[in-house]
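Modelling step: build the complete structure from the supplied sequences, incorporating the hints.
2 protein chains.
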Amino acid sequence: MSGFVQPLEHLIECFRRLPGIGYKTAVRLAFCVVDMPAADAEAFATAIINAKQKIKMCSICQNISESDVCDICLSSSRDKSTICVTENSKDVAAIEKIRDYNGLYHVLGGLISPINGITPDKLKIKELLSRLSDDTVKEVIIATNPNIEGEATAMYISKLIKPLGVKVSRLAYGIPAGGELEYADEVTLSRAIEGRREL
Amino acid sequence: MSGFVQPLEHLIECFRRLPGIGYKTAVRLAFCVVDMPAADAEAFATAIINAKQKIKMCSICQNISESDVCDICLSSSRDKSTICVTENSKDVAAIEKIRDYNGLYHVLGGLISPINGITPDKLKIKELLSRLSDDTVKEVIIATNPNIEGEATAMYISKLIKPLGVKVSRLAYGIPAGGELEYADEVTLSRAIEGRREL
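Protein chains in written order, with our numbering: chain L, 1 to 199; chain E, 1 to 199.
Where hints are given, some of them may not hold.
Unchecked claim - Cβ-to-Cβ under 7 Å is the rule here; a few derived chain E residues that face chain L:
1) His10
2) Cys14
3) Leu18
4) Ala45
5) Ile118
These aren't lab readings, by the way, just hints derived from the structure by calculation.
Using N, Cα and C, we set each Cβ at its ideal position, and we do this for glycine too.
As structure tokens, this is what we get:
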């Protein structure tokens with residue numbers, strides 16, 4: 001009980017359910033909605049409904065898409081011999097942003113994490129393997145996060161793919177650009193030395 | 001451009017318009033909406049529409065209300081001789097929470113701030129004065145924030161009310177409970193000394 005009228009309480013509750021939104025922030029956001037022009041509030045509500053209804057998963061790469069097959073999978077200008085495997089759609093967006101990569105993607109929808117009940121069969125790994133059945137794909141780049149779950153998932157997938165004669169690679173580890181050696185952790189530093197390049 | 005599909009971009013934009021929500025947070029929240037069950041997303045959209053449509057202003061105290069006159073103004077158990085003046089409805093909720101105050105409220109809808117174009121006529125000051133026309137109200141407690149705008153507003157209102165023979169008071173200044181003298185700023189400290197009480 002906080003002394004607000006019911007419709008406001010409901011909205012505060014809805015905002016609170018979002019990740020990283022505490023009670024005070026939820027109150028601030030709810031008041032912002034109450035104070036915004038009616039048209040903006042309606043647009044916001046419509047955007048929520050639309051995002052939920054119109055966004056599907058691409059039946060090929062499992063990335064979010066408005067159509068059955070996403071624009072990247074449909075594009076004739078993308079290199080169909082390379083598939084970059086990511087944990088989620090946000091990571092696809094991050095890689096697309098740098099405009100360096102021109103291959104296809106495959107979104108796993110998570111990382112293997114037995115503690116959290118995420119076993120390999122919960123991920124879109126079967127769908128990835130079925131994409132490798134003809135000889136189009138020459139390389140799979142595993143771009144999962146460099147943490148325990150990301151590593152485990154990368155190892156698991158690479159063991160399944162290698163027997164198919166497809167090259168499997170992993171994003172390079174190292175000191176992040178603009179970072180300082182002094183503050184790099186030991187694992188990062190040892191991997192940066194391990195992966196050193198001749199100049 | 002961030003490589004997301006249109007419906008998602010729209011939702012991210014909507015979240016970004018909320019106060020204190022940056023791009024990365026907006027992306028996180030939008031993905032959370034996409035991942036939530038359809039029923040929850042619909043409930044969220046409905047809560048936004050409802051909050052906007054069902055919440056009005058109480059015609060007496062200008063606090064948010066579901067009806068023309070709010071529950072506090074209608075209540076027979078509240079002390080109608082005292083009005084507590086606040087900047088907004090959030091402050092009313094904060095005071096209601098402590099359950100110590102049993103009088104009525106008056107929400108100004110802002111604080112005087114000429115720099116931001118908020119002149120006294122933009123606030124619900126006339127409405128406050130009209131509530132003092134009969135002899136019911138004996139005291140007006142001005143509970144605006146202890147900053148420049150809050151002070152200026154309090155001074156402005158008290159000058160209008162005093163000639164009407166109504167007592168005007170202001171919330172006490174001082175060291176916040178649990179605070180430390182060492183870290184109190186000079187103004188707070190000097191006011192705490194000024195407002196000292198005999199024990």
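Open item on the list: Hint alanine 45 of chain E vs chain L: min CB-CB distance below 7 Å?
Closed with: Constraint on alanine 45 of chain E satisfied, holds at 4 Å.
Open item on the list: Does the closest beta carbon of chain L sit nearer than 7 Å to the beta carbon of cysteine 14 of chain E?
Closed with: holds (5 Å)
Task: Residue hint histidine 10 of chain E, partner chain L, criterion CB-CB below 7 Å - done: holds (5 Å)
Task: Interface hint outcome for isoleucine 118 of chain E [beta carbon to chain L under 7 Å] - done: violated (14 Å)
Open item on the list: Given a cut of 7 Å on the nearest C-beta pair, is the interface hint for leucine 18 of chain E held or broken against chain L?
Closed with: Result: holds, 5 Å to nearest chain L Cβ.
Checked against the numbered hints listed earlier, the structure breaks hint 5 alone; every other hint is satisfied.
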